[in-house]
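S.K.: One-letter residues, chain by chain:
4 protein chains.
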Amino acid sequence: MSNILLTGFAPFGGESTNPSWEAVKQLDGARIKGHRVHAREMSVVFGVANKELRKWIRELKPALVICVGQAGGRATMSLERVAINVDDARIPDNGGQQPIDEVIVADGPDAYFTSLPIKAMLRDMKAAGIPVAISQTAGTFVCNHVFYGLMHTIRTRKKMRGGFIHIPFSPEQAAQHADAPSLAIDTIVHGLRIGITTCLKTDKDVAIVGGAEH
Amino acid sequence: MSNILLTGFAPFGGESTNPSWEAVKQLDGARIKGHRVHAREMSVVFGVANKELRKWIRELKPALVICVGQAGGRATMSLERVAINVDDARIPDNGGQQPIDEVIVADGPDAYFTSLPIKAMLRDMKAAGIPVAISQTAGTFVCNHVFYGLMHTIRTRKKMRGGFIHIPFSPEQAAQHADAPSLAIDTIVHGLRIGITTCLKTDKDVAIVGGAEH
Amino acid sequence: MSNILLTGFAPFGGESTNPSWEAVKQLDGARIKGHRVHAREMSVVFGVANKELRKWIRELKPALVICVGQAGGRATMSLERVAINVDDARIPDNGGQQPIDEVIVADGPDAYFTSLPIKAMLRDMKAAGIPVAISQTAGTFVCNHVFYGLMHTIRTRKKMRGGFIHIPFSPEQAAQHADAPSLAIDTIVHGLRIGITTCLKTDKDVAIVGGAEH
Amino acid sequence: MSNILLTGFAPFGGESTNPSWEAVKQLDGARIKGHRVHAREMSVVFGVANKELRKWIRELKPALVICVGQAGGRATMSLERVAINVDDARIPDNGGQQPIDEVIVADGPDAYFTSLPIKAMLRDMKAAGIPVAISQTAGTFVCNHVFYGLMHTIRTRKKMRGGFIHIPFSPEQAAQHADAPSLAIDTIVHGLRIGITTCLKTDKDVAIVGGAEH
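Those protein sequence lines, which keep their order, are chains A, B, C and D. Letter 83 of the first sequence, counting from 1, is numbered 83 in this note's numbering, and no numbers are missing. Letter 27 of the second sequence, counting from 1, is numbered 27 in this note's numbering, and no numbers are missing. Letter 62 of the third sequence, counting from 1, is numbered 62 in this note's numbering, and no numbers are missing. Letter 68 of the fourth sequence, counting from 1, is numbered 68 in this note's numbering, and no numbers are missing.
Misleading hints may appear alongside valid ones.
Since the list gives no way to pick one copy over another, a pair counts as held whenever it fits inside one copy or between any two copies.
Claimed, not checked - The calculated DMTMM-like cross-link candidates involving lysine to aspartate or glutamate, where the alpha carbons are at most 25 Å apart (straight line), are:
#1 K51 <-> D107
#2 K55 <-> E41
#3 K126 <-> E102
#4 K126 <-> D28
#5 K159 <-> E59
#6 K158 <-> D101
#7 K51 <-> E22
The set of hints was computed from the structure by calculation and includes no laboratory data.
Model the full assembly from the supplied sequences, consistent with the hints where possible.
M.R.: Structure follows, in structure tokens:
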């Protein structure tokens, strides 16, 4: 049986929970289309997070890696299109680091596109009633850092696919913020399960609109 | 046993469901602190909606009336503070009417404040992890029309309290809109139950901030 | 020659300027359709602001009073429809007061509608290229307090009309906030001049859409 | 005297003007720090726009190229960080083309970073009272297409620097949209002049925060 690596993050930025870990841990051990899901909690620390990720990839040799992160303020699950080779931290990470305009991989390319079939995922998740969108930026904090690190790590492994999904605050978090959108953890878990299923049955992505004028 | 009247609306504006009815119907028949909840589905039609409301009030003689309506685009449950004496419809109602700047009650006052303890509800709902806010406007469409009609109807009945709660799209609706916030129906139902409980045990509202600079 | 009273506010909430005063002072002394504009700077202090307003109204006996206030975060000029009889301050005023859910006028009605022809103003300002909208709430801070105080003061003076206009940050203010919309002071001044002109030539407002579903 | 190429776009998406061309044409012929500005109006057509750009670059051999485009809905000038190698059009371009997930340059890298000192520009433009921000995505429409084409064209020309700036609607456009932010053309022109000046006097960018968590 092939493995799926699904990562969430520890809480950061003053929050006491992180909905990404709350969601992915519910899928730990799940079987989806003949694969087994392994959920892991990642540090919100530049550098450390990518070391953890590489270690889990070595151990599990997963066919599919999806990293999930909190995007407080966004209203929908967002399927990230591209990771860029820069760390630019508006706030310190959980280790107190705040890099500004530093490259993630010294000789790496400026960006990597996801290798997930995000348009097919968009279609299937919407059809299942999940609020979801394509996102053209994963930011420049630890989420983008890990997404770039993932795509760099698997760049030559043709049988390993990977990408990143941002998710909104949980309702409990949103209750502590003014006018913040949220999604229930159950909705996230349901969305992830559908998205993973789509990945496993889709070789070539579909061509449906998911772009933005700006 | 005293009655509680809880109303939701029929779908409107091109939607095939209305989360207000989806939510309140789940509470039909519920007992909360010795009261019985009666859920009713209201027409999204100026005039007709208020006739339905007055009929249900006559029949049930409720101690508490809460009307619930969909606010597509809002991120949280919103406890409405004030109803104003004007219909100004940006879109036609379900009967094809589109009144512009017409009074709801010819000799009525310009506005009525809610008689619900909305600050205590805010406090208790937040504490339960429900995304919720005070709202200073219920708009000028059928929701405000019904809210005003309710407060006018019960203005002299000192033992009858009433108010209005707006709720976001359901996730299923948000999946069909670009980047729309939503709340799960379960979260709404949970929030309503807490809000109702607070109403039933609160005589005098608490003084906590819920205002806006503009 | 009849008078027009045009008020702006002092800076508040940590700002060093207030675009409402920056704008209205440019119209001080202007003649518009045979009327003379008198611009005054008002304190951002509950109670004091309304005393200042009543004094200026006694002195000038204006045919038209328009109070203008900053609405940081809004994108357009907004023509306020209704003032409500409550102070609910999220932040302290410039005198350190922070009333919560207190009435403005003890025996006053719950609200007053503007007596300005806001739909005709909307039409004319839009036609002149001014970003403008009808607003259904002026908030619950000093702006609404003054708007309510104004409408209460002039409630029996049939020849005196009054209302409130909220305006965005100036560009210079927006430069200090993350992602805040703004309008140039020149655009505001142009918009105010057009709006005033419309008031002076309009007896009965027009019926065009300016409502909101919520 | 060295040349500066400054491009704006033709109107698109149902608009009758494009603020990018309205702004840049005002700088045509201007001298800034010993350089002459050449303003050009570009087609909103995939492929054609990049041909026009390459032709103007051949003719002018500019030391600096800044392409400017309309970002209707954004509130500030935005200094774009990165161009990505994909066309994904939500709406057709002015030639009726609507590519979905097509590469811009077949063997090009996934992305190029701007070579403008965007953080120094951010600092100087803010100091001058211009609402401005760093943006992590230029979208996937013709703006990003041209930005990518520009960076690909000048990738080996070490003395030629280039980048992209998105700008909000003009006030006149915003007046025709519901609740849209805008900036006056004068403010844009002022901001561009400052940004260009910063480019010409800055060799190495400064390290100030401009990132985003997501």
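S.K.: For the identical chains here, do K159 and E59 meet the 25 Å Cα criterion within one copy, between copies, both, or neither?
M.R.: within (16 Å within a copy, 47 Å between copies)
S.K.: Indicate which option fits the pair K126, E102 if close means a Cα-Cα distance not exceeding 25 Å: within, between, both or neither.
M.R.: Only across copies: K126 and E102 sit 23 Å apart there, 36 Å inside one copy, limit 25 Å.
S.K.: Check K126 against D28 for me: Cα-Cα at most 25 Å, and say if that holds within a copy, between copies, both or neither.
M.R.: within (24 Å within a copy, 30 Å between copies)
S.K.: Pop the pair K158 and D101 into one bin, within, between, both or neither, using alpha-carbon distances up to 25 Å.
M.R.: For K158 and D101, the Cα distance is within 25 Å only across copies (20 Å; inside one copy 30 Å).
S.K.: Please sort K51 with D107 into within, between, both or neither, judging by C-alpha distance up to 25 Å.
M.R.: within (18 Å within a copy, 31 Å between copies)
S.K.: 25 Å Cα cut-off: does K51 pair with E22 within a copy, between copies, both or neither?
M.R.: For K51 and E22, the Cα distance is within 25 Å only inside one copy (22 Å; across copies 47 Å).
S.K.: How do K55 and E41 come out at 25 Å by Cα distance, when the copy is not named: within, between, both, or neither?
M.R.: within (13 Å within a copy, 52 Å between copies)
Hint compliance for this structure: every hint is met.
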